[in-house]
Amino acid sequence: MSALYTSPAGERELREHYLRALRAWPVPAEHLRVSTGLGETFVVACGPRDAPPVVLLHGSGANAAAWVGDIAALARGARVYAVDLIGEPGLSAPSRPPLAGRAHLRWLEEVLDGLALTDTAVVGMSLGGWMALELATGRPGRVRRLGLLCPGGLGRQRTGRILGATALRALGPWGKRRAVRAMTGLSAPEDRPVLEAVERTFARFRPRTERLPRFCDEALGALAMPVLAIVGERDLMFDSAESAARLRACVAHAQVRVLPGAGHAIRGQGEVLADFLAG
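Counting from 69, one number per residue, gives the positions in the sequence shown under the working numbering.
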């Protein structure tokens, strides 16, 4: 059993759910495996082969299935590569090097090399947004366009509120449901399948506990590629007002959108992202 999971049965269950999601992928897709120094990386590729490339990086406690709701819009005009981050509940290696340092930057570069991508658009959410920023600030020549959904590394990480929501889990099934709703910001009836999937995952998976390193103003100010950032007004994970303010101050050309009433999990932005990627 991988140390990322609470039990072998939990690991098998999450893998089976993910494999079912891959079989039901909304558009024709290929499954690729890229060798890196941190182990094998799994990638779902779809969209026209001759279209401009875009790499998708999901958040913590997730996998490429996080993009299922947006993939049809994104794959219409782009060759999309949805990457399973290492150390997360997907099909990539369980490697978890420290977030501080350059290990994840080197890993991403190896993934791009393995996909034969000299440069590409990159879209990341939450932890994946942090990794997208890590690539854009560390190797700016490899990132044509940068899309960020509720990214880490900009606004303050809300440790106190996260601990408060986590404490609800001790109250049984009701508390677990409330904790997931608080952490994601999702509560509408149509969000129920997503909430159930998140609750199932975090009952069987051990997420990262490190605080995400923050990017300095100088590094952000050097971003020259087109940037679109979308954050939720009521994000429990990160201070979205601070994230938006820092981007507006440091990256004058960035498009920054704050979604009223939205929490950390931002859904239904496929068309907006597709328009941005199309230039």
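Mixed in with the good hints there might be a few duds.
[What the hints assert, rightly or not] Okay, the calculated beta carbon distance ranges per label pair:
#1 R88 <-> E286: 42 to 52 Å
#2 R224 <-> P94: 34 to 44 Å
#3 P328 <-> G105: 22 to 32 Å
#4 A77 <-> D285: 42 to 52 Å
#5 P275 <-> R80: 10 to 20 Å
Hints in this document: simulated from the structure, not taken from any laboratory. Glycine residues also receive a C-beta, built at the ideal position from the N, C-alpha and C atoms.
Hints versus structure:
Between R88 and E286 the CB atoms are about 45 Å apart, so this pair conforms to the stated range of 42 to 52 Å. Our hint of 34 to 44 Å for R224 and P94 holds, since their Cβ atoms are close to 36 Å apart. Our hint of 22 to 32 Å for P328 and G105 is violated, since their Cβ atoms are close to 43 Å apart. The given range of 42 to 52 Å is respected by A77 and D285, whose C-beta atoms sit roughly 47 Å from each other.
Checked against the hint of 10 to 20 Å, the pair P275 and R80 passes, with Cβ atoms roughly 19 Å apart.
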